[in-house]
Amino acid sequence: MSSTKDIDTLIELMAKLPGLGPRSARRAVLHLIRKRALLLAPLADSMQTVAATARECLNCGNVGTSDICDICESEKRANGILCVVEDVSDLWAMERANVFKGRYHVLGGTLSALDAIGPEELRIPRLIDRVTSEHITEVILALNATIDGQTTAHYIADLLENRVTLTSLAQGVPIGGELDYLDDGTITAAMNARKPI
Amino acid sequence: MEWRDQGILLSVRRHGETSAIIDVFTIEHGRHAGIVRGGTSRKIAPILQPGAQLDVSWRARLEDHLGSYTVEPLRSRAAAALSDRLSLAGLNAVTALIAFALPEREANPHLYKMSEQLLDLLGQHDVWPLAYLRFEIALLEATGMGLDLSACAVSGTNENLIYISPRTGRAVSEQVAGPWVNKLLPLPPILKGEGTGSDAEIEQALQTTGYFLKEKLAPNLGNRTLPEARGRYVDLFSRQITRP
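Chains A and B, in that order, are what the protein sequence lines are. First residue of the first sequence: 1, per UniProt numbering; consecutive thereafter. First residue of the second sequence: 1, per UniProt numbering; consecutive thereafter.
Extracted from the complex, chain A is given alone in its bound form:
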C-alpha cells in the first residue's frame, strides 16, 4: 500500500478512469512515480493545460481547446455535407478512418424513453439551424445500429425530410468478420443490403 495521502488520492482518482480498477491504478501510479521525469511531470503539465482549455465546440459539439473546433474552422471542410454522430468518440473513430472530408455534428446521445432523453436534451435544434446556415446539401446519419440510435435517426430524418439529401451508414458484415460468428440481425441486414459484384 502507498504510504502518503497524496499518492493514495492519486490512486483513488486513477481508479475511477475507464478500464482501471484500484489494483491497476496502483500499478499505473507506481509506474508514473518511477518514470517521474519522463512521464509524470509532462502528464501533470498536459492535464493542467487540458483542464484549463478543453471545451465543447459551440458549433458541432466536438471536444477541442477553442470555442470553435479545427474541423468547423476549416474552409476545406465546408463541402455541404454534414455527418451526424452520437458521441465525440464516434467522431474520433470517423476521423481515424480518414474517409470523410466534411463537417460533423455531435448529438451528445440518443433519444431514450427509459432515460427521459428527448430532442431538447440533444443538439437537434442546433442541427436544424446548421442545415440552413451552412447551406448543407447532404446529411449523413452515422448513428449506432441500435434501437435507440435508429429511432433517433428516423426522428431527425422526419425533421429534415425534403430539405436535404439524407443518407445513413450501411449495415452488414464487418471487415474480417466470419459469417459463422455473426448474429442473426447483422446477417439479415447484410443480406438486405447486398450489392452486385
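Keep in mind that a hint or two might mislead.
Heads up, incomplete: computed chain A residues facing chain B, CB under 10 Å, no partners named [said to hold, decoys possible]:
#	residue
1	A153
2	A157
3	D158
4	N162
5	Q171
6	L179
7	L182
8	D184
9	G185
Derived by calculation from the structure, the hints in this document are not laboratory data. For glycine and all other residues, C-beta sits at the position ideal for the given N, C-alpha and C.
Since the structure of chain A is already known, use the hints to place chain B on it.
The following block gives chain B in isolation, referenced to the frame of chain A:
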C-alpha cells in the same frame, strides 16, 4: 434461487464498464430485471436489443435480489425494424408500454402471448395496427382499466353503442348520450371487434385507448407520464394514413 424461462427484452441499461441491467418480460415470471455480466461486450451487446426474443436463466442467492441473467438469443427483431420507421416506432411503443404499465415479477401469460405475436408481426403493415390496438386493449384490461363495451352503462341496451364514458370506460348508447355528447369519447366499432377495421377507424380507436392510458392508467402509476414512444407511433401511423 434459479429458474429458466423465455422472454421479450424490454430495455437495457449499462451497468459499470462491462455489464448491463436488462428488463425482460417473461412467460412465467412476468417483467423481471437482472444483470448480464459482460452485457456491453461486442459479442453480447448486439443480442441485447429491445424486442429480442431470449432464452434466459436467472440466478440469485435470495429471491428479492436483482440477480444475474445468462442469455441465449432465440430471435432478433431489431434487424427487421431498424430500417423501417413505422416498425421501429411500433416496437418502441410496445416495449415502452409494457415496461411502463406492468408491475415487476407478476406473470401475465395472456398479455405475454399477445405481445410475442404482435412483435412477430412487425413489418406487416396491413395487419400490425389492428394487432397493436388489440394489444393496448389487453394492456388496459391487465392493469385493471379494462373497457366494458358489452352494454350501455345507462340503459343497459346493446344497440347503437357509439360512445364511451371517459370516467368509467363503459359504453354509452346514442339514445341516452344527449346532453353529455361533448364529454363522451367516440366508440369506433373496431373497439368492439366489429366494423371494417379501416386505418381511420383504428386511428380513432387509438385516440380513445390513448385517453385511458394517459388519463386513467398513468395517474394510477404514480403520476408518471405516458412513454413518448407510444405517441410517436400513433403520430407516425396517423401521418401515414393521411398522406396521399
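Please name the hints from earlier in the document that this structure breaks, with their numbers sorted from lowest to highest. Numbers 4, 6 - these are the hints that the structure violates, sorted from lowest upward.
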